[in-house]
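Let the sequences and hints guide you as you build the complete structure.
In case you want the letters, here they are:
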Amino acid sequence: MNWDSSLLLLILATSLLPGLVIFFLPEERVALRTTLNMAGAVVKLVLVGVVIWGVLHGHYYESRLPLLPGGLDLVLHADAESVLFVTLSTVLWLVTTVYAIGYLEGSHHRSRFFGFFSLCVTATVGVALAGNMITFLLFYELLTLSTYPLIVHRETEEARQAGRIYLRYTIAGGALLLVGTVWLYDVAGAFEFTHRGVLAGLDDADRTVLTAIFVLLIAGLGVKAALVPLHGWLPRAMVAPAPVSALLHAVAVVKAGAFGIVRVVDDVYGVEFAASLGVTGPLAVVAATTIIYGSLRALFQDNLKRRLAYSTVSQVSYIVLGIAVVGPIATIGGLVHLVHQGVMKITLFFCAGNLAETLGIHKVSDMNGVGRRMPWTMAAFTVGALGMIGVPPLAGFITKWYLGLGALDAGQDWVILVLAGSSLLNAGYFLPVLYAAWFKAPPDAWPAERAYGRSETAWALLLPPVVTALLTLAVGLLASAPFSPLQWARFITTQEYAP
Amino acid sequence: MSHEFLYALLGVGLFTLGLYALIVHAHLLRKILAINVMGSGVFLVLVALGGRTPGAPPDPVPHAMVITGIVVAISATALALALMLWVHAKTGRARLPEERLE
Amino acid sequence: MGASLANTPWGVLVILLPLAGALVCFLWPRRSVPLGLVTALGVVACVAGLGWQVAEQGVQRYAVGGWGAPLGIDLYADGLSLLMLMMTALVGLGISVYSSGYFDRKTATVFWSLWLFLWAALNALFLSADIFNLYVTLELMGLAAVALVALAGGADALIAAMRYLLVSLLGSLFYLLGVALLYHSVGSVDIAILAQQVEPLPAVWAAVGLMSAGLLLKTALFPLHFWLPPAHASAPAPVSALLSALVVKASFYILLRLWLEIFSPGDAAVGQLLGLLGASAVLWGGIQALRQTRLKLLIAYSTVAQLGYLFLAFPLGTSVAWKGALYLLFSHALAKAAMFMSAGNILRCCGHDRIADLDRVARRLPLTLTAFTLAGISSMGLPPSGGFTGKWMLLDAALYSGQWWWALTLILGGLLAAAYVFKVVGYAFTPAEVTHEVSRVPARMEWTALVLALAAVLLGLFTPWPLALLDIGLPFGGGYAG
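Protein chains in written order, with this note's numbering: chain H, 883 to 1381; chain F, 16 to 117; chain A, 64 to 545.
Be aware that a few hints might be false.
[Said to hold, decoys possible] Simulated crosslink set (DSBU-like; lysine-lysine; CA at most 35 Å straight-line):
#1 1322/H - 1245/H
#2 105/F - 169/A
#3 486/A - 1245/H
[What the hints assert, rightly or not] Anything over 12 Å on all C-beta distances counts as not near chain H; from chain A, calculated:
#4 98
#5 111
#6 219
To be clear, the hints were calculated from the coordinates, so they are not data collected in a lab. Quick caveat, the model's predicted, so the values are computed rather than measured. Even glycine gets a Cβ: it sits at the ideal position worked out from N, Cα and C.
This is the structure we're talking about:
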């Protein structure tokens, strides 16, 4: 068995196989289920490490299966972008698994939940490792299907409605993506993701057709990436349990959409060719609109998770903006925000989940003085929030720095205004929360308190946000270190732009 | 107009009459009879068109087809009649509920 | 051993075995379940044998009893017939296992002989080499199917069966009249000879029209689909499965054969007309499915919609389009059988199939709901599934030839399918207002549904082999080969 061609399949299997087994486990087998979950996550992390080492030493990892006539194969391939995304997914999956085990303790249908949870991660890893559009599409749609049961997990009428809306958006988006992909293959023949794209090399391609395909693809991807006006499903999906919101909003669904846009612009069209088609400008405008709109809506949400949801809508578009502003520095900013936004947002959602679970707090207006009751949680929240605002030396600052510099470099000065405005708005909806939590007097009684002995909450709920907050600090402080996300993003970008 | 052609035309005429009756009449027995008339029309066409060259013995293949067809028609009619009786037993009427086509 | 296996007339066995099985089940009703299951396995083995024979030696032709055409019957096996036979064998095996757990003693004795007889007729149909034999097998199949619909016994089922019988006979008579006219014009009923010698005479045109009309009625293409939903919905679940998955495909197969071999290249306008009717079926069936309150009716209207997809290949006419349609046909058979079986399980468990009252089926019958969802995935055309592959190929053909309106139909049909599938799934997750007593569902019923649904999904991952199979005999035109 060739190691190079099966390693990627093994990585998929580390979440697929435990997931399938977990479906059949009886509810009471908590220890076995936990072991399977954790073992899968750890083994996946190890294998991803092997891949990183291998890619740096020039190994070529690829798995292939003939799928459709016309030479279209299912291709898994580990290039630099895949490694970036898959590492993010794997690390955050491990952390979220711990969190989910703690969060769902004692609730029903955990086997079903963790089964679909594992499938969801399998689909995300597949999206990351996809080597061509058809493979990407396959795993992208699998992601939709595996996240739906997680959204309706609570089996309430509200959950069902949220699931319905989620599907309306994502399946319609999938249909647009499908048409765009079929058309693309029609025009370009079978091809795989290549740096600087393949479409520039086509002799007789009609530019209008290519632009139309671009619009279709971006629209299809934009649903998951929550580009305005396709973002409507995201706030409503908050009815899902917190680990689901954390995973969906930091790692899986929104990132898959954003990652897809990165792939289309960089590895299908090629960023310079896309600029020559004239599509990057409008894309940048859409991204900027989303950034401002999301932040504005977030200002007016009292429900904490919804506030964070609109914040996600806004933040994910930084990635799109970075890609759409044509220039290496901006691209670095966009790419690195894939990682940064992931760790920051997951911290925030973990904390929100802790507040809900431990004290029954769902609204910002209930958060007065909670910093004294749950110091570690709120400390992590503070780190995440400050990172979002862009306070140095946290991760968010690095992103905004590069985006701003890149905008100046590319001659798109208006982007600076967008960034500044957005940071102000972020401050507007995060700082009051922090102030209330740390400096206001707590109420007499919390909405619904659960005691955890002397610690502020269960360790399984406390450890993950602390870890991800530390990660937020680390990726910011150690941004110049050899294997930081920033350096990785730099590496990817050098391959994208002509020297 | 040769004999065969006349018979064939008659066969088509029977077919059409049967089709009309099938659509128009509501009672199941009439519908079954209509189907039978249509069937006979088709068999007549088959046999008539089978007499290819005058003077030579007729082509046996259409005759074989007609015999097979008759056997099939008998089985189908038997099933139809049995079903009609069951429908009548269950619903008290020998009609299909909506007075629509077929 | 290899040589004798290669020379066995598998084609003849494929027909005789279920026929014998039907007879034996009729004579020994007490033992019909085990006899039926053994026969089913035997038929699957024979189809495998035939498949191997065709793959090794190419197209097969047998003269039954040593008497050839024109008075004797010839059997003809190419890639297309083999695909249909395999589809029937797989779904048939699933239905057989499912039925062994579904029916009570009394109904089971009648069911098995009728079912095996229908299977024999289907196999004979797919192997027929002349248009008259197609008529005979079509009629035999129709009669058996009608009897199976009436098996449920209630007034609804009997009325649906009566209507189905009248429709079936009407369609066959139109077809037979066409056969008479074709024979008169060409002098033979053998398909191969007709393909070579047919000329565009008025009698031939009349024959084309008559035969197509009859077959379209039997395939329930819009607007001739009115008889299908009541028949498929009021039959017992395994019967609904075989009706939607197999029986309607038989008349489509005949239409396809005639179109490809004898009437090609057809008039472009006729192709567009068929495509238009197909598109109407897709949209109308989808909308109607969405409006249904009962699960089995929803699934029946879904069949009307899915059959419409098959007709989109006619205006496109390229090799990719035909293969895409056939891939859809195969996946649909597996998926629809799984869906009806799931509905049967739900009926057995909850005592009703009202969609809004589905009470937490996700908890009670997780395997069944998974089966339904996987089958739904194939129906929607989401990857990975056989339905996706078929949809992709049709989309490809449509965009390549510039007839983008068919692409739009495919997309809209997929969205409608997603709407009605997830409507059911959504209700299955939530509790209903009125709870009902639940009964146990035998494991084999849940597992057969799941296995068939998985097969529909796996069909999307293992595509090269079925596609290569279709190339044997190559009845598909050239043009864009993908």
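Looking back at the numbered hints, which does the structure fail to meet, lowest number first? Hint check: nothing fails, all pass.
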